[in-house]
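Take the sequences, apply the hints, and build the full model.
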Amino acid sequence: MTPIPDNIHGAILISIIDFVLSFVIISGIGVVLAILPVVNRYWTIDDKDLKGGH
Amino acid sequence: MVDQLLSLFDSLLKQTGLAHLYWGNFVMLAVGGIMIYLAVMKKCEPFLLIGIGFACIVVNIPGSDLALPGGLFDYAYKGVSLLIVPPLIFLGVGAITDFGPMIANPKLVLLGAGAHLGIFVALILAKLIGFSLSEAGAIGIIGGADGPMAIFVTMKLAPHLLSPISVAAYSYMALMPIIQPPIMRLLTTKAERNIQMAQLRKVSRLEKIIFPVLIAVIVNLFFPPVAPLVTMLMLGNLFREVLIVGRLAETAGGTLLNVVTIVLTVAIGSTMSAKTFLTMQTVEIVGLGLIAFVFGTASGVVTAKIMNLFLKTKINPLIGSAGIASVPIAARVSHIVANKENPKLFLIYHAMGPNLAGVFGTAISGGILLALLGVK
Numbered sequence: 001m002t003p004i005p006d007n008i009h010g011a012i013l014i015s016i017i018d019f020v021l022s023f024v025i026i027s028g029i030g031v032v033l034a035i036l037p038v039v040n041r042y043w044t045i046d047d048k049d050l051k052g053g054h
Numbered sequence: 055m056v057d058q059l060l061s062l063f064d065s066l067l068k069q070t071g072l073a074h075l076y077w078g079n080f081v082m083l084a085v086g087g088i089m090i091y092l093a094v095m096k097k098c099e100p101f102l103l104i105g106i107g108f109a110c111i112v113v114n115i116p117g118s119d120l121a122l123p124g125g126l127f128d129y130a131y132k133g134v135s136l137l138i139v140p141p142l143i144f145l146g147v148g149a150i151t152d153f154g155p156m157i158a159n160p161k162l163v164l165l166g167a168g169a170h171l172g173i174f175v176a177l178i179l180a181k182l183i184g185f186s187l188s189e190a191g192a193i194g195i196i197g198g199a200d201g202p203m204a205i206f207v208t209m210k211l212a213p214h215l216l217s218p219i220s221v222a223a224y225s226y227m228a229l230m231p232i233i234q235p236p237i238m239r240l241l242t243t244k245a246e247r248n249i250q251m252a253q254l255r256k257v258s259r260l261e262k263i264i265f266p267v268l269i270a271v272i273v274n275l276f277f278p279p280v281a282p283l284v285t286m287l288m289l290g291n292l293f294r295e296v297l298i299v300g301r302l303a304e305t306a307g308g309t310l311l312n313v314v315t316i317v318l319t320v321a322i323g324s325t326m327s328a329k330t331f332l333t334m335q336t337v338e339i340v341g342l343g344l345i346a347f348v349f350g351t352a353s354g355v356v357t358a359k360i361m362n363l364f365l366k367t368k369i370n371p372l373i374g375s376a377g378i379a380s381v382p383i384a385a386r387v388s389h390i391v392a393n394k395e396n397p398k399l400f401l402i403y404h405a406m407g408p409n410l411a412g413v414f415g416t417a418i419s420g421g422i423l424l425a426l427l428g429v430k
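From first to last, the protein sequence lines are chains A and B.
All residue numbers for the first sequence refer to our numbering, where the first residue is 1 and numbers rise by one.
All residue numbers for the second sequence refer to our numbering, where the first residue is 55 and numbers rise by one.
Just to be clear, a hint being listed does not mean it is correct.
The list that follows gives simulated cross-link-like pairs (lysine-lysine, BS3-like), each with its CA atoms no further than 30 Å apart [unchecked claim]:
# : chain 1 : residue 1 : chain 2 : residue 2
1 : B       : Lys210    : B       : Lys132
2 : B       : Lys256    : A       : Lys48
3 : A       : Lys51     : B       : Lys256
Source of the hints: derived by calculation from the structure; they are not laboratory data.
As the structure is a computational prediction, the values presented were derived from the model and not from experiment.
Now the structure itself:
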């Protein structure tokens with residue numbers, strides 16, 4: 001990988017890449033969260049069973 | 055006889071701290087005092103500022119050896135510099151945090167990225183005024199408004215800047231109720247501030263248990279540089295959500311969190327000696343930190359307004375500023391500003407979604423930054 005130059009162009013470049021990638025990755029997490037409720041169709045856990053304890 | 059006595063007193067005086075006091079010590083004693091005053095009288099994050107302020111006062115008394123190698127404060131600092139304390143803080147935070155609001159409204163996670171423009175504005179400005187790219191990255195991460203993450207990234211990129219960066223990060227987090235509201239009001243109309251948000255769906259226990267495991271896998275897979283923090287956050291949250299290990303969750307989120315908070319605050323305060331802290335560089339970092347917070351708050355609100363252009367059910371843009379992280383202070387600020395506008399508005403639960411996403415947003419930004427700079 002070519003190192004990011006330690007100058008103002010490097011700072012702008014790193015900022016743009018980081019900001020855009022952050023949006024992409026956090027959107028990915030959002031998509032994962034959006035499909036998370038699907039698990040409820042296949043399995044349910046009752047709080048009472050868990051609180052029964054150990 | 056008199057000469058002998060004077061000479062004895064003189065050597066005695068030289069052994070005390072009095073002989074070594076200079077104006078810088080008085081300035082830092084005042085800074086420590088102001089921190090304790092803000093904590094006690096203004097109730098600004100007392101859990102953080104009391105320890106920081108007290109340690110700041112103690113280390114600025116010449117002769118005090120608590121922060122010298124082998125002193126107790128020095129061991130506290132070692133816990134921070136060896137990156138032991140920040141992940142333990144995250145373990146405790148995870149154990150007391152309900153991620154339900156974030157899971158219930160996934161589209162709001164975008165605000166967790168949107169409210170981090172401040173990181174990059176501060177990074178570019180820091181570079182412009184002469185900091186190295188690594189130093190600029192560490193300074194920028196102040197805008198993530200996440201203390202442990204700021205410390206973590208700083209220790210990897212520019213450990214010599216830990217003192218001013220951690221002080222700036224924690225001080226501005228404590229001052230968020232003062233910094234954020236004017237910006238939030240400036241960027242929103244009265245009608246926007248009055249938007250009532252729909253009630254969130256109930257998140258099942260199963261989802262809450264799967265969530266921390268899933269996130270730990272994703273973060274370790276894609277962001278190994280920042281994985282220790284988020285992994286511990288998720289472990290603490292798993293303790294909380296499985297319900298069967300209540301004792302572990304209580305310890306992680308209670309006693310352990312209190313202990314590591316004490317260690318963290320005295321460690322930060324102990325780095326604030328006048329000789330190292332009173333420099334032009336500190337002034338620049340504190341200034342850049344404020345700019346980062348201002349831009350982060352503004353970009354969060356603007357991102358929420360942009361989202362409203364595409365959403366059928368509008369969101370109250372005041373929750374955008376909560377995406378800056380700093381859980382739960384920023385969410386509380388969103389709620390208070392909305393509630394002052396309209397006493398019928400209760401945004402706290404809604405604002406917790408972007409607020410929690412902000413933690414991930416900071417971790418992601420920090421992880422990408424470390425990866426781009428080739429730091430492991």
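Now for the hints, and whether the structure bears them out:
1. B:Lys210 - B:Lys132: Given that 30 Å is the threshold and the Cα spacing comes to 14 Å, the pair holds.
2. B:Lys256 - A:Lys48: With Cα atoms ~17 Å apart, lysine 256 (chain B) and lysine 48 (chain A) stay inside 30 Å; holds.
3. A:Lys51 - B:Lys256: holds (19 Å)
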